[in-house]
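Protein chains in written order, with numbering that gives the first Met the number 0: chain A, 0 to 313; chain B, 0 to 313; chain C, 0 to 313.
The hints are simulated quantities; they were obtained by calculation from the structure and are not laboratory data. Possibly wrong hints are sitting among the right ones.
Note that identical chains are pooled: a pair holds if it fits in a single copy or bridges any two copies.
[What the hints assert, rightly or not] In silico DSS-like pairs for lysine-lysine, Cα to Cα no more than 27 Å straight-line:
#, residue 1, residue 2
1, LYS293, LYS91
2, LYS262, LYS65
3, LYS256, LYS293
4, LYS256, LYS164
5, LYS301, LYS280
6, LYS256, LYS280
7, LYS165, LYS280
8, LYS262, LYS164
9, LYS128, LYS256
10, LYS128, LYS90
Residue-level listing of the chains:
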Amino acid sequence: MKFETPVPVTEIAAQIGAKLVGNTSLLATGLNEIHKVENGDISFVDFEKYYNASLNSKATIIIINKEVECPAGKALLVLNDPFSAYVSLVKKYRPFVPSHVPISDTAVIGEGTIIQPNVFIGNHVRIGKNCLIHPNVTIYDHTIIGDNVIIQAGTVIGADAFYFKKRPEREAWYDKLESCGRVIIEDDVEIGASCTIDKGVSGDTIIGRGTKFDNMIHIGHGAVIGKNCLFAAQVGIGGKAIIEDGVILWGQVGVSKDLTIGKGAVVLAQSGVPSSLEGGKTYFGYPAEDARQKRRELGWIKRIPEIWQRINNQ
Amino acid sequence: MKFETPVPVTEIAAQIGAKLVGNTSLLATGLNEIHKVENGDISFVDFEKYYNASLNSKATIIIINKEVECPAGKALLVLNDPFSAYVSLVKKYRPFVPSHVPISDTAVIGEGTIIQPNVFIGNHVRIGKNCLIHPNVTIYDHTIIGDNVIIQAGTVIGADAFYFKKRPEREAWYDKLESCGRVIIEDDVEIGASCTIDKGVSGDTIIGRGTKFDNMIHIGHGAVIGKNCLFAAQVGIGGKAIIEDGVILWGQVGVSKDLTIGKGAVVLAQSGVPSSLEGGKTYFGYPAEDARQKRRELGWIKRIPEIWQRINNQ
Amino acid sequence: MKFETPVPVTEIAAQIGAKLVGNTSLLATGLNEIHKVENGDISFVDFEKYYNASLNSKATIIIINKEVECPAGKALLVLNDPFSAYVSLVKKYRPFVPSHVPISDTAVIGEGTIIQPNVFIGNHVRIGKNCLIHPNVTIYDHTIIGDNVIIQAGTVIGADAFYFKKRPEREAWYDKLESCGRVIIEDDVEIGASCTIDKGVSGDTIIGRGTKFDNMIHIGHGAVIGKNCLFAAQVGIGGKAIIEDGVILWGQVGVSKDLTIGKGAVVLAQSGVPSSLEGGKTYFGYPAEDARQKRRELGWIKRIPEIWQRINNQ
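From just these sequences and the hints, can you work out the full model?
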């Protein structure tokens, strides 16, 4: 997420009550978690094992819970609870604003686009030309939709990321990371009925041009789906997964978070993908492996009784 | 889909700019894909390997991309792109008409039927007597619902078929086959919350009398579900599948398209059904097979270490 | 379900046309299925094999289809069809009342709670303070929601239980058990988008304090989910399952009905849980077993060809 205008790091330090270390004349350009951070952005780190990754990332300003050596040209914001400080900045710079009408006055809707009854369109949403949004669809604030997009009924675009910090010392353990990312749906996409596409924690969830989703597909926060993909019904994609162009996922496939499925891969129905897959191949099973190999494995399982017979007859 | 009144084949030829070959005095009675076509209907074919199936089907008028010999009593409509010509006819004879109110004036709703708030009911929908439609349900145009039907909240009836033609020469590869089929829900059916039942591409998706669905069930385009079936939550059924009477599917079962599950079959939870199953039996696993056989297989897998021991001790 | 004021058993007997046997001066305090019944409640039994369980349960008044010996201090209501008699009592004491506005006048909504557009809130719903209910959510009658609860868009809280009695002698086989239970969502819970949480048949479905659900999660009737649980997307939980505190279920896990998952258990993605699991361990596969054990099993399957080689070379 980018600020509308850059904010002096001294102002940020004052807002969250942090000790400012390093370059005090910096301007913060945005707010981003470690996976999406860009030069100029603020990020946060609260586990010592991630200090190096964070300090060496593109983040220019790091909220951190220990005063360590500040890399040249950067700034540290030191305080006890970086997670809560980061969340307070999200709430300040991307506040939740309740809607009092089903279609916000701040939404921009292109020529030729049809919005059916009972649709909710939040604040600062932009929808392109010649789209068709079917009934009972929900489009959260800040979503961006291209031209010629069709969204079937009941679908939810831009719900909050499922992302929590565990605080087992409290009665209610999980502290919500407020999301400030968006969903971006490119031109010529079709989304089926009752799908859910979550916004990114700080970056964007992207559905690439020409991709088509069947019904009840779940896309986790910050996932990036390529162009011209086909997902059959009830597929689920974990947060920050990268699905490259032309990938085909059959029904009920589950894909874990933080991995990549390469260009043109095909994953057969009900398979589970726990880690990255190379493009251009067909996969099957849990864990998803080369489909021919996996089919041979199923054949071998059926031969175990024969093997048992053989060793008993020897 | 049937036309309201039959249309001269010469008129159809002019509409799509096709060369008319064969019987030029025919009247077209409707528009149907190859799987659902009836005598008098128009169908289309654009792959040479399907020419014979199409020419020998019940279709009386065939849109085709090559001038072949026309079977006696039929007509061919020859042009370069049968898919697009067919889609243009769907758009002409079953045009999408936006709704400006949540419940269309053209909907017919029977005595004693309760429609809860925030429900959308499209054009030309017919709902029988003593039904209960819970909030936030979407019922697309042309859906037909019998008597004593209960639909729980958030369900979507009649969304478009998930059916595309690949055109890899374009930037956005997939060309949408506009659907003109319907959903027909017979008497005494109950549909759970947040289900999606897609309309047929050209024929009807049917949910048979007395069938009961739990929540989040997906039914693909043109599937025909028998009478008195029970589907547990999160079941998914592919397009044009035939599920005969009294079939029981437990939670998260996935059923592929274009197959038949016979009368009274039971498929246990999380199983995957890639091809047809005989009725009257209990199935389990992926691919779903006789449940007892499959359980024995799980037992054999656990004995592999013992087998390994045995051959190493010999 | 409890009656607002206790009802004399003689009145109940007259309402359903039953023969009253045993203590005729009892007051009925509520209506409950066998799994949830408490002292003073009415329950029903219609299969001889369950007679003992029912007569020895906490039920004080039992609707039964045979005149058996009445336990001391209890009453029997004897008639031919206990199921229908019970359903008629549910309909009398917890009648369905249609809503004519999206947010019922009888709903009580706490200070600081934000209700976004297109939400349905049924009769006698109670929502606590500082909640955020996103668009197109449906909250059925009698639901109780605590403080600081977030419900993402499209979710359905309190749909009817999926519970039917088979009457194969009729054309439509399945007779609906009308549910009179509720959903109770405790403080600090977050429910993702397009989830469905069914009401209990007669008792309550409970989501414990601090628990967080991702999108498209299904919770069956009367399930009791503990505190501080995390469920990833597309998880399904069967009716009356008990999930203890701190349990983590990853994506697409399926859990059967009538079982217990112990405190702190973790079940990995796509696993299926057909029976109870001890707490404090990590599980995987179908049927879900110790994750390390199951991974070894996957390794052994890959070694079958090697075993085959070995016995052929001996």
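Verification of the hints:
1. For the identical chains of this complex, LYS293 and LYS91 are neighbours neither inside a copy (51 Å) nor across copies (47 Å), given an alpha-carbon limit of 27 Å.
2. For the identical chains of this complex, LYS262 and LYS65 are neighbours neither inside a copy (42 Å) nor across copies (34 Å), given an alpha-carbon limit of 27 Å.
3. For the homomeric pair LYS256 and LYS293, the shortest alpha-carbon distances inside one copy (23 Å) and between copies (22 Å) are both at most 27 Å.
4. Only within a single protomer do LYS256 and LYS164 lie at most 27 Å apart by alpha-carbon distance; the minimum there is 17 Å, versus 30 Å between protomers.
5. Taking the shortest alpha-carbon separations for LYS301 and LYS280, both the intra-copy value of 25 Å and the inter-copy value of 20 Å come in at or below 27 Å.
6. Taking the shortest alpha-carbon separations for LYS256 and LYS280, both the intra-copy value of 20 Å and the inter-copy value of 22 Å come in at or below 27 Å.
7. For the homomeric pair LYS165 and LYS280, the shortest alpha-carbon distance between copies (19 Å) is at most 27 Å, but the shortest distance inside one copy (39 Å) is not.
8. Only between protomers do LYS262 and LYS164 lie at most 27 Å apart by alpha-carbon distance; the minimum there is 19 Å, versus 33 Å within a single protomer.
9. In this assembly of identical chains, LYS128 and LYS256 lie within 27 Å of each other by CA distance neither inside one copy nor across copies; the values are 33 Å within and 34 Å between.
10. In this assembly of identical chains, the alpha carbons of LYS128 and LYS90 lie at most 27 Å apart only when taken from different copies (19 Å versus 32 Å within one copy).
In the structure shown, a violation is registered for the earlier hints numbered 1, 2 and 9, in ascending order.
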